[in-house]
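Q: Residue numbers (my numbering), protein chains in the order written: chain X, 28 to 241; chain Y, 77 to 419.
Be aware that one or more of the hints could be misleading.
Capping the alpha-carbon separation at 30 Å, the derived lysine-lysine pairs in DSS-like fashion look like this [what the hints assert, rightly or not]: (1) X:Lys93 - X:Lys79; (2) Y:Lys284 - Y:Lys297; (3) Y:Lys284 - X:Lys93; (4) X:Lys93 - Y:Lys390.
Okay, the calculated beta carbon distance ranges per label pair [to be verified]: (5) Y:Ser216 - X:Pro69: 55 to 61 Å; (6) Y:Ile385 - X:His173: 16 to 22 Å; (7) Y:Glu408 - X:Trp52: 54 to 60 Å; (8) Y:Trp351 - X:Glu195: 53 to 59 Å; (9) Y:Ile327 - X:Arg126: 43 to 49 Å; (10) Y:Ile212 - X:Val113: 28 to 34 Å.
The set of hints was computed from the structure by calculation and includes no laboratory data. Idealized CB from N, CA, C, for every residue including glycine.
Below are the chains, spelled out letter by letter.
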Amino acid sequence: MSFLEFVEGPLFAVAAGIFLFGAFWRIVGIIRIGRKKDIAPPKASAAAGFVKGNLRHFLPRGIFAKRTAVHIIAGYGFHLGLFVLVFFGAFHVEFLNERILGFAWPTLPRWGFILASEIAFAGLIVLWVRRISDPVMRLISTPDDHIGSWLTFIMMLSGCFALQESHEMLRAMHMLIVDIWLIYFPFSRLMHAFTFVLSRGNSGATYGRKGMNL
Amino acid sequence: MQYLIHMSRKLLWLGALMLLLLAFTAPQLMAQSVRPPGNAVNLDDGTEPGPSNALGDVSDTEIWDQFRGGDPANLLGPALDGQAMTTTGQQWRMVRENLIRKYLGWLPLIVIGLLAVFYLIRGPMRISAGRSGKTIPRFSHNARLAHWFMAAVFIILGLTGLIILLGRPVIAPYLGLQANSILTSAAMQGHNLFGPLFIVALVWLFIKFVRGNFFQLVDLKWIFKLGGFFGSHVSSRQFNFGEKSWFWMVILGGIVISATGILLLFPWLVDDIRWLQLSTILHALAAVVLIAVAFGHVYVGTIGMEGSIDSMLKGEVDENWAKEHHDLWYEEVTGKSAKEETS
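So that you can see chain X by itself, here it is in the shape it has in the complex (with noise of 0.2 Å):
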């Protein structure tokens, strides 16, 4: 079995077992906590809260909206960005078709996957710059914040530098970290990306039951 044989295979097999367990476990486990019962009585729905504090989390506040124009811009560029790549990627549904799924939809041309990896990537680079050059979030970021973003980056940066297909070795390369990327997810903030549903959800819920307008 070669290197790449076995990244592609047995351990991208662990890896993805891991993240999906391990994701699935923490979001039961946060929902399993539940919420102190409010003996008060509702004044409007927590669930029309539960959405709306979801959606109203999408769009920045007035006040706000100037000041955090480019975290904003960075933010959903990064994030839509990856989400495109990832997901309509030519390679990556490729992959996923053979290994996993078993049939495929319709994937970006050369010019759109490129084009969508350089708005992730400089989404990414605007945020993590931001983390280290604002010094209250250089002050609340974590050791795993950094470890998330570096290892995404490298995880991106891998599967670039692999995009000419000229060597086994990069696609390995690629397939090594992002097996990495994936067992480390379900243990850190990067949980956000499903537990951002939660969170919002959860302050929608308590503001809309009190009948505040978010």
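Fit chain Y to the known structure of chain X by using the hints.
A: For chain Y alone, kept in the frame of chain X given last:
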């Protein structure tokens, strides 16, 4: 005598570079249209190839001279007014192999060496009055983001670019051709992908820093006092002459790198390969010079000068640092005299 040989070599390469540059100014009339001579034999017509020594044992350099730059009428008829054979490719190769690859890579190393020597002799520039504990804002958060975004992209492009340029002479002999091939393939993809981000970074940097970076009369004093690096105090506004020079080097060098990079990324934009040949040389030249000077920038911004890094990490600097290095700016921002006793 050795000096003369050395100089004549330099002149030879300089001449080659000039020839390449001149090639761009030559009118389109120089375009070739080669017609075969009347007695030419088509070897694809089924006839047997001639003996291996059909051309004889003597190389007739005159023929090649005529092809390359001599009288084309002798070979190709009177209708032609240009050369029969283009040699710009060979000139480009000579410049790239024997000048750029051979010598340019040393430049960053020389700068690092000089900085190390300077550090050992001079040591870090301390804030002579010590830190006051009071700070004043120097750069907005967006300005810092622009700076660090450029820094990140610059580092990635610098590393990948150096691998592409110097991989063959520097990496291959030690790690082998296979490893060099892998590294170069990876570096090329990374370089191509991050290239456009450099243009974004350059525009952002320009917008955020152009104000205050125009040269002023006060900069002359900075030049005469060698920037205060050797003891004497020197006045400056928000940016001193060194910082302004660095800024304009980045902007102008960045424009050259961006323009040539676009041509190399999209070669079909031009129909003359000489533009691409010139682009590779200018691209490498501007990039390596910027990389070399960037080491100086990093030195002054970190271990070379106490308190400098605060401006880019926190956005604020110590008042005593400001009084010492940017006194006129300090007075402008605070309305107080920088000559007052330092707190």
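Q: Against each hint, give a clear statement of whether it holds in the structure.
A: Results for each hint:
no. : hint                            : verdict
1   : X:Lys93 - X:Lys79               : holds (23 Å)
2   : Y:Lys284 - Y:Lys297             : holds (26 Å)
3   : Y:Lys284 - X:Lys93              : holds (16 Å)
4   : X:Lys93 - Y:Lys390              : holds (20 Å)
5   : Y:Ser216 - X:Pro69: 55 to 61 Å  : violated (45 Å)
6   : Y:Ile385 - X:His173: 16 to 22 Å : holds (18 Å)
7   : Y:Glu408 - X:Trp52: 54 to 60 Å  : holds (59 Å)
8   : Y:Trp351 - X:Glu195: 53 to 59 Å : violated (36 Å)
9   : Y:Ile327 - X:Arg126: 43 to 49 Å : holds (48 Å)
10  : Y:Ile212 - X:Val113: 28 to 34 Å : violated (45 Å)
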